[in-house]
Every structure is written in structure tokens, then in C-alpha cells.
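Engineer: Given next are the chains, with one letter for each unit.
Number of protein chains: 2
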Amino acid sequence: MNGAPRINAGRLLESLEALGRFGALPGGGTNRLALSDADRAARDWTVDRMRALDMTVRVDAIGNVFASYAGTEQRAPVLTGSHIDTVRTGGLYDGNYGVLAGLEVVATLREAGLRTHRPIEVAFFTNEEGARFQPDMLGSLVAVGGLPLAEALATRGIDGATVGEELQRIGYAGQAPVGAPQVDSFIELHIEQGPVLHQQGVDIGVVEGVQGICWLEFTLEGCSNHAGTTPMALRRDAGLVAARITAFAHELALRYGGRQLATVGAVELRPNLVNVIAQRAVMTVDLRNTDGAALARAEAEMLGFATRCAAEHGVVLGHRRLARFDPVAFDPALVELVAQEAQELGLSTLRLPSGAGHDAQMLARVCPSAMIFVPSVDGLSHNPGEHTEAHHLVQGAQVLLQVITRLANRAG
Amino acid sequence: MNGAPRINAGRLLESLEALGRFGALPGGGTNRLALSDADRAARDWTVDRMRALDMTVRVDAIGNVFASYAGTEQRAPVLTGSHIDTVRTGGLYDGNYGVLAGLEVVATLREAGLRTHRPIEVAFFTNEEGARFQPDMLGSLVAVGGLPLAEALATRGIDGATVGEELQRIGYAGQAPVGAPQVDSFIELHIEQGPVLHQQGVDIGVVEGVQGICWLEFTLEGCSNHAGTTPMALRRDAGLVAARITAFAHELALRYGGRQLATVGAVELRPNLVNVIAQRAVMTVDLRNTDGAALARAEAEMLGFATRCAAEHGVVLGHRRLARFDPVAFDPALVELVAQEAQELGLSTLRLPSGAGHDAQMLARVCPSAMIFVPSVDGLSHNPGEHTEAHHLVQGAQVLLQVITRLANRAG
Chain A
59 MNGAPRINAG
69 RLLESLEALG
79 RFGALPGGGT
89 NRLALSDADR
99 AARDWTVDRM
109 RALDMTVRVD
119 AIGNVFASYA
129 GTEQRAPVLT
139 GSHIDTVRTG
149 GLYDGNYGVL
159 AGLEVVATLR
169 EAGLRTHRPI
179 EVAFFTNEEG
189 ARFQPDMLGS
199 LVAVGGLPLA
209 EALATRGIDG
219 ATVGEELQRI
229 GYAGQAPVGA
239 PQVDSFIELH
249 IEQGPVLHQQ
259 GVDIGVVEGV
269 QGICWLEFTL
279 EGCSNHAGTT
289 PMALRRDAGL
299 VAARITAFAH
309 ELALRYGGRQ
319 LATVGAVELR
329 PNLVNVIAQR
339 AVMTVDLRNT
349 DGAALARAEA
359 EMLGFATRCA
369 AEHGVVLGHR
379 RLARFDPVAF
389 DPALVELVAQ
399 EAQELGLSTL
409 RLPSGAGHDA
419 QMLARVCPSA
429 MIFVPSVDGL
439 SHNPGEHTEA
449 HHLVQGAQVL
459 LQVITRLANR
469 AG
Chain B
59 MNGAPRINAG
69 RLLESLEALG
79 RFGALPGGGT
89 NRLALSDADR
99 AARDWTVDRM
109 RALDMTVRVD
119 AIGNVFASYA
129 GTEQRAPVLT
139 GSHIDTVRTG
149 GLYDGNYGVL
159 AGLEVVATLR
169 EAGLRTHRPI
179 EVAFFTNEEG
189 ARFQPDMLGS
199 LVAVGGLPLA
209 EALATRGIDG
219 ATVGEELQRI
229 GYAGQAPVGA
239 PQVDSFIELH
249 IEQGPVLHQQ
259 GVDIGVVEGV
269 QGICWLEFTL
279 EGCSNHAGTT
289 PMALRRDAGL
299 VAARITAFAH
309 ELALRYGGRQ
319 LATVGAVELR
329 PNLVNVIAQR
339 AVMTVDLRNT
349 DGAALARAEA
359 EMLGFATRCA
369 AEHGVVLGHR
379 RLARFDPVAF
389 DPALVELVAQ
399 EAQELGLSTL
409 RLPSGAGHDA
419 QMLARVCPSA
429 MIFVPSVDGL
439 SHNPGEHTEA
449 HHLVQGAQVL
459 LQVITRLANR
469 AG
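Order-wise, the sequence lines are chains A and B.
Under my numbering, think of the first position of the first sequence as 59, with each following residue one higher.
Under my numbering, think of the first position of the second sequence as 59, with each following residue one higher.
Among these hints, one or two may not hold up.
Ranges between beta-carbon positions, derived for each pair [said to hold, decoys possible]:
| no. | chain 1 | residue 1 | chain 2 | residue 2 | range |
| --- | --- | --- | --- | --- | --- |
| 1 | A | Pro390 | B | Ala369 | 39 to 47 Å |
| 2 | B | Gly203 | A | Thr277 | 30 to 38 Å |
| 3 | B | Ala208 | A | Leu380 | 54 to 62 Å |
| 4 | A | Thr277 | B | His449 | 34 to 42 Å |
| 5 | B | Ile216 | A | Ala219 | 37 to 45 Å |
| 6 | B | Arg378 | A | Pro390 | 40 to 48 Å |
| 7 | B | Arg313 | A | Val374 | 36 to 44 Å |
| 8 | A | Pro84 | B | Ala351 | 52 to 60 Å |
| 9 | A | Val374 | B | His449 | 29 to 37 Å |
Honestly, the hints are just simulated from the structure, not real lab data.
Glycine included, every Cβ here is placed at the ideal spot set by N, Cα and C.
Hey, can you work out the whole structure from these sequences and the hints?
Structural biologist: Written out as C-alpha cells, the structure reads:
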């Protein structure tokens, strides 16, 4: 594909800056919760940009927006895209980059007077972040038939409003049906949101799949007592059990090795006073692995340890799963295509899993799918300081262009 | 002392109920922060009760109140008492019991027409709890010359008012001097506030001293990163270090054995989210031991472990001492007298240290001092559910009467 047109670096970078102005935070970054006024403004701006490229825009019943750049044949399109909602303290690249790079691909082809056999569609999906409505990846989940539309529309956000009400309010309750998309393949370009590519000095991450996730919440009920008058043997210390579970989670991840991750990010003690034994602790454990069987073992081990440890300390354990997703493996041929196109451009590549969830894992249910990662400086994301070097942004978009073109022109 | 008069159980119990009405909480218990309006009302009521017993009342410059029941000789008095301030969610017994039992002793002797050789004084000390003004045991500390009066009066409380202003406001800025009390001996009756006597079914705790205390605060600065994208080896997890310090503190207490206690009661993580590695953790460690040398070793070990553990995880450790008191040993002869008098009454006894701080540890600086404990049901204290069985309250007061009478009548 040495003859492929080159994307316009300046236009791509300017578009990222421009989209970042919607919901901009004073010190940098953006706050653009799904279906908020800022999201509406960003959607309107993005749709205008789509129409300016002579793309045909349709909005589906969950507010996902698809813009089609016609091919020379009437066939199922090659789809790309991501999301433009952000967390409350988001950056400029998470999601936005994949959508705008998709539009930049179309703009580049259009300027060069090129059309592929299949249509190219660029989409942005509703509420990927899950920062306002649960679950995350809501729009793509509904699009592929993974969640009934009515249930999704009735979902109430952190501010009490429902998805359906907010879609109506901002004018994105569309007519296009959901549940059975006709798509040839899906390719999503995204920042890594982790430190691996940056640390290893690699240009392009070839994403083989998405880790499985298990979120557990443990509620530990002990007994609040005076730290100075209660002998060690008579204590029922919920905080100590929480600490031991935390240490165990870390040891488990090291013992499993490979792609096993374990994080205790949230712990709340009550009454949380220096001289009072904690009566109650609520904590979360975030387990991830690309290996579904290992993840299931890790979950069972965590629960087993927590049960034994709580009992040993006379503490009552409650637990619930806050989330559970099996690992997703992307299409091997498509993954290989990403690696080839990057290498043909002389870029270094690393195969890795995605640690975060992405719309691509939903699309993978209905069509061959894959992702392209570019490096995140220091792995920072969900943070106004989120940054990717300009040359990496440009390289990633060029790889996307070549992968899309190859997919949309291939025979069969 | 078989001929000693018996205290009036009904009168004692009624007085506890009556005093509990000042600052009463809706569901039980009291909120009577030092020098508050509720404390003023409780002080006025207690002083009235003292005067009704023909006791001579004096108020010192830090608001401690002393009521004297004259002896047959002009000699240094035997002092008893405690405090009537409470924490925000206090019970009816902590402090109050020692003051009212002292007055019940005087009432009983007076009804029997008995006077001891030495005067008997019953005191309540200002701001023992430390729930409004720091440090705790403020009144007794100033009384024995451990803190300059001016500094104590300038102490600002959690609501911004100073001790001096509040003493003036409630009318308890007294004239009696502080700093060099003339006292023969001090005996304080108190609820245990721990589970030991209740668990072991013992009537009377013979308190041999007060544990030394060391409060450490650790501030751990790591790096906030995505739980799904940050490999275990690249993490700087402040929450994990906090958990490992917590587990180490517990292991240390078990390894030291004896009277070593270790408690991590307070931990705060930031940002405290399920899928974000904690950037910051602030935690406390409460160490106590009756053995001062062991306590110093425990403190050094904790600091050493925290330093190593933080470094191992790339986390920056800050630390400060929030409090440090050496252990206090009570007067052996007085401790023995408490045991003897309880045993002569046919009561079971157990020698134990006090885990909490008490005014007696301040008085121990200037005169032979000791304490008598009665059982706390389930060890509950600083809690509206704080409870001591009526027969234990009566037994404790009877032991107090006999100890005081013995002390106040002894030769020399």
C-alpha cells in the first residue's frame, strides 16, 4: 500500500483541539458526560463535520451516530469509530481520537478522489465511559443486540435522568434500528491508556483482544472497639481483614503472572478514627486477565481467601460482583492485517491486550473486529493530563487508513 | 472494713440517670463536649449536689472543680473523681461514674455521721475527653503543672473558641491556683471501656498503670493509574503499601505479645475508585504497650517497615507522630490496697493496665495514685450503648468507699 494517500496531520490535530473545546475544563482536559449539553454540542459539531464530507448520517434508537462514505459497491460497510463522551476529568484523546481519525481517513480518500469497494462508515457510540449511565459501552452493547433497547432507555444516570429522556432532550433519539447491524468488519483506533507502548518505545500496539474483567465488592462487618482497651485476641477488625485481602490480591497477581492484574482501588472504613477498631470496611477488587479460565480461578481464590480471612477474624463477609466480562479475542486475520500495515509503514509494533473496555469488544460479537493502539505518555488517561505525541497520533491514523482501505477493497 | 457503711445503690443509679439528662441524645447516650452549654448545665447540677452535701467547692483557673468533705484533721486530702465531659456520642458512665460514686461515698459517710482523719475531696476535671479541645486530659494536666495555664487557656477547639473564652462564658474560670496541688493520694473509679473484665466474668479491675501510646500518621504518595492497563511491575500503589503496613502492624502486635496493641483505625485512599490505582493514602497506626521500651521498639519497627515497604513499591513516605505518651505505673501500695478491699468484699479481681488515658495518670505525677475498674458490657464505650450492670456499679462504688476511708484514716 505504498501508494496510499497520506492523511493530513495538521487537520487531524486541529480537529482534536476543536472537539476538545466542548466541555473544556479550566486547566485543560474535558468534562463531557454522555448526553449532557456539552456532549450535545460535541455531537452537533461532529455531525456537521461528517456532512461536510458528504457522508450520509443516521442516528439509531440509542443515539449512536453512523456516517457513511459510499463505496463503489452496495455491500456491508467497513466500520470504524469510537466515542466522544468523556469522564468528568477526561482528556482530549480517549475515544475522540478514534472518531476524528476515522473522519480524517474519509477526508483524505475524498481529497484524493478515491472510493473503496465497500462503503466506509465512521461511528460514535453513546455512553462508552459509563461515567453517567451504567453500564459502560452502552451504545455499542445495544447496537449489537446485547441489551434490550427499552432497558437501555430506562437506565437512570447518576443525576436521576434516564437515557431515553436525555436522548430526546438533546435531539439524538434516532430512528435507525438497533440489534442486528450489517457490518463487514470493525476497526477501532484508540490511545493505549496504559504505559506499555510508551515505556517500550513502540509506535503501534496491535491489540489482540480485551482482558476479562471481574469487579468484586466486599463488605466486612466487624465490631467497633477502643484501640487501647481491646486485646488483640478479642478484636473483630474489619479494617485488618480489608488490608489482608488487599495484600492477598497483590500476591495473587504476582503468583499468577502473565496478564493477571489485581487492584484494590477503593476502601472505606467506619468509623475511620485513629483509636477505634474499624467496625465496617467496604472495598473493591478489580481483577483482569486475558485468560478467561485464569480469571475465573482468580475470582474463586479471592472469594475463598476473603471468606477464610473474615472468618478467622470474626468478621462477617458480604460480597457482590459489580461487573464481570469474559475476555474478548479479536479476529486473528484482522489483528494480523493491523500488524502488517504498521510494519509496511516502518513502524514498530507490539501485540498486547487492551486493559480497558472498548466498543470494539461489543462489535466483535457480530463481525471481525480489531483495534490499533498508539502510545499514551506515562500511561496517563481519564485525566486532563492525558497526552499522545503528535507523530504517534498521525502514525496511528495512517495505519487506520491503510487497514480500512485494505478491508474495504478486499475480494469476497 | 466489715463495719463500713454501705453505699445507697438507688441514689447512685438515680444520680447517673440524672446527670445523663444533660446533653442527652435522642436514642440514648449523651453529647456533652467540654465547656459547652450542656457541660455548663451538668457542672451546675453537680456543684449543687456537692453543696447539698455541705462540701466546700472551689474552682481552679482551668475550670477543674474540687469539693471538700472536711476531715477531723487539717491535712492533705484524699482525692477522688474523674470528669463529666463526654465525646459527641458518649454514654452515661465514662467519667460521670467516678465523680458521682465519689459523691455517693461522701453522702454515705455523712449519713452515717462518719468523718475520716484526712479530708476527702471529689473533683471533676476539665476536658478529659479531648473531643473539643486538644490535648485530652487537659484539666488534670494543667492541675499537676504539666502544661502552662496560659497555653491551655489559649487552646482553640474544633469550633474555633478558646478554652479561656469558654470558661469565662460558662462561669467556670475559677480563682484557685493550678500547678502544685497538695494531695495525699488519688483514686479514680472508672468503667473499663474494654471487654476484658466482662469476658472473664471478673467484678473489679485492679489497674496497675496506663499503657504508653504512640500514634503515627503515614502519608503515602504513589501514582494514580488505570487498573486495567498498568502492569503490576509498573505500579506505584499507595493503597497496597497502606494495606501491607496495616498487616505488618497486626503481625507486630502478635509477635511482641504481652500488652502490645496495634491498630490501624483510619485509612483514606485517593481517588478511591474501583478501577484506579490509589495515588495517595493517609493512614494512622495506634501502638500501645505498658512496657515503654517495647513501645519504643515497636514504633521504630513500624517506621522501618513502612520506609522499606514504600521504597519497594516506589511510593514516597511521609510520617509524623500524632501523639506519644510513656506508660504510667500506679503506686504499688495503692494498687495492692484496691485489690485487698475488693477481695475483702468477696469480689473477684483482675490486675490489668488501662488501655485508655485517664486523669489518674496526670495525678500520678504528684501523688500516689491508682484506679478501680468495673466491667463494661461487651467492652463498649464512647458509644451511646455503653453499659455497666447496676450491681457492678454498686460494687465499684463500695470498693471506692472502702479504699478512700482506709487512705483517709491511715496513720502517718
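Engineer: Given a hint of 54 to 62 Å, does the C-beta separation of alanine 208 of chain B and leucine 380 of chain A actually sit inside it?
Structural biologist: holds (56 Å)
Engineer: Does 29 to 37 Å hold as the CB distance between valine 374 of chain A and histidine 449 of chain B, or does it fail?
Structural biologist: holds (32 Å)
Engineer: Is 39 to 47 Å respected by the C-beta to C-beta distance linking proline 390 of chain A and alanine 369 of chain B?
Structural biologist: Holds: the Cβ-Cβ distance is about 43 Å, inside 39 to 47 Å.
Engineer: Determine whether the Cβ-Cβ distance between isoleucine 216 of chain B and alanine 219 of chain A falls within the hinted range of 37 to 45 Å.
Structural biologist: Given range 37 to 45 Å: holds, Cβ gap about 39 Å.
Engineer: Return holds or violated for the Cβ distance of arginine 378 of chain B and proline 390 of chain A against the range 40 to 48 Å.
Structural biologist: For proline 390 of chain A against arginine 378 of chain B, whose Cβ atoms are near 56 Å apart, the range 40 to 48 Å is violated.
Engineer: Given the hint of 34 to 42 Å, check if threonine 277 of chain A and histidine 449 of chain B actually sit that far apart at their C-beta atoms.
Structural biologist: About 38 Å separates the Cβ atoms of threonine 277 of chain A and histidine 449 of chain B, which means 34 to 42 Å holds.
Engineer: Check the following: the C-beta atoms of arginine 313 of chain B and valine 374 of chain A are separated by a distance inside 36 to 44 Å.
Structural biologist: violated (27 Å)
Engineer: Can you tell me whether the CB distance of glycine 203 of chain B to threonine 277 of chain A sits inside 30 to 38 Å?
Structural biologist: violated (50 Å)
Engineer: If you check the beta carbons of proline 84 of chain A and alanine 351 of chain B, does the distance land in 52 to 60 Å?
Structural biologist: Holds - the Cβ-Cβ distance for proline 84 of chain A and alanine 351 of chain B, about 55 Å, lies within 52 to 60 Å.
Hint compliance for this structure: hints 2, 6, 7 are not met, and every other hint is.
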